[in-house]
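Each chain is listed here by its residues.
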Amino acid sequence: MKPASFEYFAPTHMAEALDLLARYGDEAKILAGGQSLMPLMNMRLARPRVIIDINRLSDLAYISPGLNGMFTIGALTRQRAVERASLIRQHYPLLAAAMPFIGHFQIRNRGTMGGSIVHADPAAELPAVCLALDAEFVLQSAAQQRVLPAADFFRTYLTTAIAPTELLTEIRLPPWPPQARWGFQEICRREGDFALVGAAAVVQMDDPGVCQAARLAMFGVGGTPVRLRGAEALISGQLVDERLLKEVAHVVSEELEPDSDIHASAEYRKEVGGVVARRTLAAAFGVAKRNGGAR
Amino acid sequence: MMKRTIRLTVNGRAYERTVEVRLTLADFLRDELDLTGTHLGCEHGICGACTVLLNGEAVRSCLLLAVQADGAHLMTVEGLGQGEGLHPLQRAFHEHHALQCGFCTPGFLMTAYTFLQETPHPTEDQVREAISGNICRCTGYIPIMQAILQASRSMAAESSLPAG
Numbered sequence: 001m002k003p004a005s006f007e008y009f010a011p012t013h014m015a016e017a018l019d020l021l022a023r024y025g026d027e028a029k030i031l032a033g034g035q036s037l038m039p040l041m042n043m044r045l046a047r048p049r050v051i052i053d054i055n056r057l058s059d060l061a062y063i064s065p066g067l068n069g070m071f072t073i074g075a076l077t078r079q080r081a082v083e084r085a086s087l088i089r090q091h092y093p094l095l096a097a098a099m100p101f102i103g104h105f106q107i108r109n110r111g112t113m114g115g116s117i118v119h120a121d122p123a124a125e126l127p128a129v130c131l132a133l134d135a136e137f138v139l140q141s142a143a144q145q146r147v148l149p150a151a152d153f154f155r156t157y158l159t160t161a162i163a164p165t166e167l168l169t170e171i172r173l174p175p176w177p178p179q180a181r182w183g184f185q186e187i188c189r190r191e192g193d194f195a196l197v198g199a200a201a202v203v204q205m206d207d208p209g210v211c212q213a214a215r216l217a218m219f220g221v222g223g224t225p226v227r228l229r230g231a232e233a234l235i236s237g238q239l240v241d242e243r244l245l246k247e248v249a250h251v252v253s254e255e256l257e258p259d260s261d262i263h264a265s266a267e268y269r270k271e272v273g274g275v276v277a278r279r280t281l282a283a284a285f286g287v288a289k290r291n292g293g294a295r
Numbered sequence: 001m002m003k004r005t006i007r008l009t010v011n012g013r014a015y016e017r018t019v020e021v022r023l024t025l026a027d028f029l030r031d032e033l034d035l036t037g038t039h040l041g042c043e044h045g046i047c048g049a050c051t052v053l054l055n056g057e058a059v060r061s062c063l064l065l066a067v068q069a070d071g072a073h074l075m076t077v078e079g080l081g082q083g084e085g086l087h088p089l090q091r092a093f094h095e096h097h098a099l100q101c102g103f104c105t106p107g108f109l110m111t112a113y114t115f116l117q118e119t120p121h122p123t124e125d126q127v128r129e130a131i132s133g134n135i136c137r138c139t140g141y142i143p144i145m146q147a148i149l150q151a152s153r154s155m156a157a158e159s160s161l162p163a164g
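Sequence order for the protein chains is B and F.
According to the working numbering, the first sequence holds residues 1 to 295 in order.
According to the working numbering, the second sequence holds residues 1 to 164 in order.
Don't take each hint at face value.
Per the computed footprint, the stretches of chain B lying under chain F, defined by three or more beta-carbons under 8 Å from a beta-carbon of chain F, are [what the hints assert, rightly or not]: (1) 1-12; (2) 35-45; (3) 104-118.
In the DSBU-like style, the derived pairs of lysine-lysine whose C-alpha atoms are separated by at most 30 Å in a straight line are [to be verified]: (4) Lys-2/B with Lys-3/F; (5) Lys-29/B with Lys-2/B; (6) Lys-270/B with Lys-246/B; (7) Lys-3/F with Lys-29/B.
Treat the hints as calculated values from the structure; they're not laboratory data.
The beta carbon of each residue, even a glycine, is placed where N, CA and C say it ideally should be.
Turn these sequences into a full structure, and let the hints steer you where they fit.
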């Protein structure tokens with residue numbers, strides 16, 4: 001349970017980090033919070049030849065309001081800092097609500113916003129929340145910068161669109177839609193575990209409770225976090241009530257294509273996925289329901 | 001084998017050592033500094049036994065490299081009491097039988113220490129959540145929770161006493 005040998009760099013400037021990435025490419029691993037990479041290295045499931053420790057790039061830790069109501073979060077911002085930020089609670093209540101579900105506070109003290117996104121564990125909260133928020137990711141290499149929407153970023157298990165020479169530097173959050181409401185739910189065996197199934201939703205509704213727009217993202221239900229387009233279409237323009245949400249649960253169960261693993265079977269995930277989607281939307285739309293609620 | 005020289009402070013004492021870059025902080029504390037109060041359980045961030053404070057924040061020392069602590073201020077369970085005197089948390093653990101084999105205790109103490117600094121008057125639910133990242137396999141969590149609540153009360157009482 002000790003890491004294999006590696007070459008270690010701790011750059012203090014971004015340019016230096018990008019040069020190292022350009023030089024070593026896929027032989028190198030970026031070490032950010034280390035809360036996923038270090039367990040893999042301790043168990044020797046990962047044996048990178050080169051570690052590029054970006055923890056000295058303090059310029060990459062920030063939460064700042066940008067133009068036109070958008071926000072940017074530096075990739076090295078600790079999860080605990082996001083959790084504690086009053087700006088986030090105020091402007092992105094969904095993100096604030098999801099943070100305490102990530103591991104435990106000791107993990108969030110080290111774990112970073114960017115690290116969780118690039119690691120892309122399909123059962124992790126942040127990738128799905130980024131999908132629900134329509135976030136964009138800034139990918140920087142020595143040669144160029146590109147910006148990818150979250151929807152194009154996650155490819156399959158632990159695999160993203162990031163190139164071996166690129167560093168995720170920033171998460172861009174579009175403005176929270178006016179009057180938007182949210183829901184977040186996850187099922188796990190113990191507090192702090194990865195979710196067996198979870199969902200995050202951002203919705204807009206008019207006065208009588210008719211859905212004007214909804215984004216529903218789920219995690220723990222396959223190789224990547226997914227948007228539930230079928231369910232979104234079903235409620236769009238409709239009065240969201242208990243009856244409709246029951247139908248949503250059914251549609252989501254049909255729409256999901258989860259895998260079985262040691263934690264839960266595919267059948268379980270389909271069934272519970274529908275329930276979790278229903279509860280998440282019920283909380284978002286304020287539809288009173290047994291077993292509902294905002295948590 | 002790649003080595004680096006690091007300087008850091010542990011429990012107020014300055015150290016300089018040359019270490020292999022792959023050495024974890026937990027192994028560094030135990031094997032290089034002989035501070036064996038920090039225990040290693042799972043070595044992949046699940047059990048919490050190796051929790052120490054890095055610049056005042058609770059972290060898993062098995063998931064950090066020693067070289068990452070270069071320039072940092074650390075606190076381990078050895079820094080909790082003062083000389084022979086027990087910290088109120090340690091006293092409360094003793095009084096409430098909050099440890100049996102004691103393996104997980106250092107991690108619980110360091111977790112509880114930072115938790116009480118941030119939340120000096122916690123509710124039972126807050127304590128339960130705070131210790132949810134630490135695993136105990138023999139004592140049970142109820143006495144640990146009671147000890148932390150007791151410590152919060154005695155620390156509040158002590159800090160309200162007039163100085164002298």
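Verification of the hints:
For a cut-off of 8 Å, the count of residues in the region 1-12 of chain B with a CB near a CB of chain F stands at 9, and the three-residue condition holds. Counting residues of the region 35-45 of chain B whose beta-carbon sits less than 8 Å from any beta-carbon of chain F gives 5, enough to reach three: the coverage restraint holds. With 6 residues having a Cβ less than 8 Å from any Cβ of chain F, the region 104-118 of chain B passes the three-residue criterion, so the hint holds. Annotation: proposed proximity of Lys-2/B to Lys-3/F holds, straight-line Cα distance about 16 Å (limit 30 Å).
The hinted pair formed by Lys-29/B and Lys-2/B meets the criterion: a straight-line CA distance of about 17 Å does not exceed 30 Å. Distance restraint check for Lys-270/B and Lys-246/B: the Cα-Cα separation of roughly 14 Å lies within the 30 Å cut-off, and the hinted pair is therefore satisfied. Among the hinted pairs, Lys-3/F with Lys-29/B is consistent with the structure: their alpha-carbon atoms are about 19 Å apart, no more than 30 Å.
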